[in-house]
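Take a look at the letters that make up each chain.
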Amino acid sequence: MAIKIKNLKILFLREIKTKISFKPFSFLLNTVLISIIISSLLLALNWIFFKANWSVINSNLSLFAFGSFPSDEQWRPLLWLVILSFIALINIFGPKWKWLRKNLLIIWIGSVPVGIYLLKGGFGLIPVMSQNWGGLTLTIFITICSILFSLPLGILLALSRRSSLFMIQKFSSFYIDIMRSVPLIAVLFFGQLLIPLFLPYGLEIDRVWRAIIGFTLFVSAYIAEDIRGGLQSIPKTQLEAANSLGLNKYQITRFILIPQSLRVALPALTNQLIGLFQNTSLMSILGLMELIGIGRSILANPEYIGQYIEVYIWLATVYWILCTLMAYLSKQLEKEMSSNKGY
Amino acid sequence: MRLNIKFFLQIVLILILIIFVWIILNNLSINLSRTGIGFDFYWLSKPAGFSLAEKPLRYSPSDTYAWALFIGWINSLKVIFLSLIFATFIGILIGFARLNKNSFIGLISAGYITVIRQTPLLLQLMFWYFVGFLNLRNNNFLNFNQIINFSVQGIDLFGIKFSSEFSALLFGLSIFSSAFIAEVIRGGILSVPFGQWEAFRSLGLSERTGFIKIIIPQALPAFIPGLTSQYLNLAKNSTLAIAVGYSDIYAINDTIINQTGRAIECFIILLSSFLILNLLITNIMGLINKLIISSRK
Chain L
1 MAIKIKNLKI LFLREIKTKI SFKPFSFLLN TVLISIIISS LLLALNWIFF
51 KANWSVINSN LSLFAFGSFP SDEQWRPLLW LVILSFIALI NIFGPKWKWL
101 RKNLLIIWIG SVPVGIYLLK GGFGLIPVMS QNWGGLTLTI FITICSILFS
151 LPLGILLALS RRSSLFMIQK FSSFYIDIMR SVPLIAVLFF GQLLIPLFLP
201 YGLEIDRVWR AIIGFTLFVS AYIAEDIRGG LQSIPKTQLE AANSLGLNKY
251 QITRFILIPQ SLRVALPALT NQLIGLFQNT SLMSILGLME LIGIGRSILA
301 NPEYIGQYIE VYIWLATVYW ILCTLMAYLS KQLEKEMSSN KGY
Chain R
344 MRLNIKFFLQ IVLILILIIF VWIILNNLSI NLSRTGIGFD FYWLSKPAGF
394 SLAEKPLRYS PSDTYAWALF IGWINSLKVI FLSLIFATFI GILIGFARLN
444 KNSFIGLISA GYITVIRQTP LLLQLMFWYF VGFLNLRNNN FLNFNQIINF
494 SVQGIDLFGI KFSSEFSALL FGLSIFSSAF IAEVIRGGIL SVPFGQWEAF
544 RSLGLSERTG FIKIIIPQAL PAFIPGLTSQ YLNLAKNSTL AIAVGYSDIY
594 AINDTIINQT GRAIECFIIL LSSFLILNLL ITNIMGLINK LIISSRK
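Taken in order, these protein sequences are the chains called L and R. Reading the first sequence from the start, the letters are residues 1 to 343 in my numbering. Reading the second sequence from the start, the letters are residues 344 to 640 in my numbering.
Bear in mind the hints are in silico, worked out from the structure with no lab data behind them. Please note that the accuracy of each hint is not assured.
[Unchecked claim] If the Cβ cut is set under 7 Å, some of the chain L residues that face chain R in the computed set are:
| id | residue |
| --- | --- |
| 1 | P24 |
| 2 | F27 |
| 3 | N30 |
| 4 | M167 |
| 5 | M179 |
| 6 | I185 |
| 7 | I195 |
| 8 | F198 |
| 9 | G202 |
| 10 | G275 |
| 11 | Q278 |
| 12 | S281 |
| 13 | Y319 |
| 14 | T324 |
Virtual Cβ for every residue (Gly too), placed ideally from N, Cα, C.
Work out the full structure: start from the sequences and follow the hints.
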């Protein structure tokens, strides 16, 4: 008995020794790093609470959220944002009812026409021109519309890149390769300047929609490549099995290829979504008043001159929180998809 | 019969494409003749008339548009090349740090990666430019005895001057890309089977020799595809230079369009310069890949 206890003691000591191994170099490095980080954190906190002048953010919160949307009508974008966050909350914490989970995608898609109606007005609401859309609302609007349009286009491009029809295959690989080698800002610029030149005289597309067209054209090429990766991961035996069951081509694509490749490509697709959300900021260079555009215009106001750090830190925090939320949402979705094999 | 349907489908597709292109070109020619701009490349040999702050070669406003574009191209190459080197260097450091057993260093590098990856590059560039460099005012920050000098004019390294626009772009691009490169490096090293680590440990090699001689050589081929795509992204992201006022190829095209209205021609020039750049990067990375494979034999 005594020996056993002694053994245990030795084992325990060894455990401690391996867990908290006292290596002088590592110890020194840790103390130095910890002291640097604590002191810089203290400096940052001191700046945030005592030195920074947050009035530039506080007095412009409605600008950051809704842009120059008429103040009487600001409940409309607010309502849309609330609806969206409610759907996201259901996605994360909601009950696991099958009918609800099945229809979540439809609910997400349905949120777009609701958003367009609430922002644009008409049919009983006062119409608001798209020049007045702005801030976070515009950023989210562009992101959601572009991802919803580019997903089907991307799937179509990926399928046609694997098609046995020579012309279709060549055309889609040409399109994908060109789009992937061009910088996004060039495509957006194409949308803003060249689309009006390609349209017949008198027909005009709104700036916001031209931006969405640009993003859709660009992102769909990337999504197509991600989905192609998913398609390639499906073993050939699946196709043979489907063929031997007598499924036709449409059924194989709809029930076997697309669901499985989407599941494989999901992490890459959510990265595309996060990238798209961040890249909407490029529209501020081309003159749309989304989040960063609003930040730039506020900084150009002589009242707030030189308050770059406050504005940039605020914008970075907003982007960081929303991107992290999206990443979390996608992880949740991945888990669900891997556990719930039946659609 | 089956073949005929396929053939028919392709013909229809080609017809639709031709009609679509024809409609677009028709609209274009109507719109161009209405605005009176037209479509040709003769304007390239006319004097540009705008001055450039950033000129690695001799340039004056009386030089041609073509020469201005060439200067922009060189400026782009300069910033892409330098930030590619810095980004790789920082990325490797951070990637290794994330794998470090010292959990504290791992935590710091994970924090670095999430902050950099979850905020837009444009915001970071503006931060480096307006807060990082223009905030330095006229006092010289970090003036180390004439070796390196950070000031509102930019970086002065051994008397070689880099403008503040260039330096901000260099900082922003290198730091942004380094977070992505770090993930590539980490993924590459994790792709080496864990048995390899156990094997060199049981052979009595030290952690360091084992890591350098056993793990890295096996991880190298896994780095290449990820690194290539990150380098391509870096090259494409360098077009955000316009946000900080650095005259790269996109910014000069933008200026020319504002001046002459020749949107189509400039867009074609921009497209072809990026196609060339992409070919350059993919070919160089392909060469490196070949070198790695041949050195392993």
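Consistency of the hints with the structure:
The interface hint given for P24 of chain L is violated, since its Cβ lies 13 Å from the closest Cβ of chain R, which is over the 7 Å cut-off. With a cut of 7 Å, the hint placing F27 of chain L at the interface with chain R is violated, because the nearest CB-to-CB distance is about 10 Å. Look at N30 of chain L: its Cβ gets to within about 5 Å of chain R, closer than 7 Å, so that hint holds up. Among the interface hints, the one on M167 of chain L holds; its C-beta lies about 4 Å from the nearest C-beta in chain R, closer than the 7 Å criterion.
Because the closest C-beta pair between M179 of chain L and chain R is about 11 Å apart, greater than 7 Å, the hint is violated. The beta carbon of I185 of chain L comes within 5 Å of a beta carbon in chain R, closer than 7 Å, and the hint placing it at the interface holds. Residue-level restraint check for I195 of chain L is violated (minimum Cβ-Cβ distance to chain R is 10 Å; threshold 7 Å). Because the smallest distance between the Cβ of F198 of chain L and any Cβ of chain R comes to about 5 Å, under 7 Å, the interface hint for this residue holds.
With 7 Å as the threshold, the beta carbon of G202 of chain L stays out of range of chain R, its nearest partner Cβ sitting at about 11 Å, so the hint is violated. The criterion of a C-beta within 7 Å of any C-beta in chain R is not met by G275 of chain L, whose closest approach is roughly 9 Å, and the hint is violated. This hint holds: Q278 of chain L has a C-beta 4 Å from the nearest C-beta of chain R, less than the 7 Å allowed. Checking S281 of chain L against chain R: minimum C-beta separation of about 4 Å stays under 7 Å; hint holds.
With a least beta-carbon distance of about 5 Å to chain R, the hint placing Y319 of chain L at the interface is held under the 7 Å criterion. The beta carbon of T324 of chain L is positioned within 7 Å of a beta carbon in chain R (closest approach about 6 Å), and the interface hint is therefore held.
In this structure, the earlier hints numbered 1, 2, 5, 7, 9 and 10 are contradicted, and the remaining ones agree with it.
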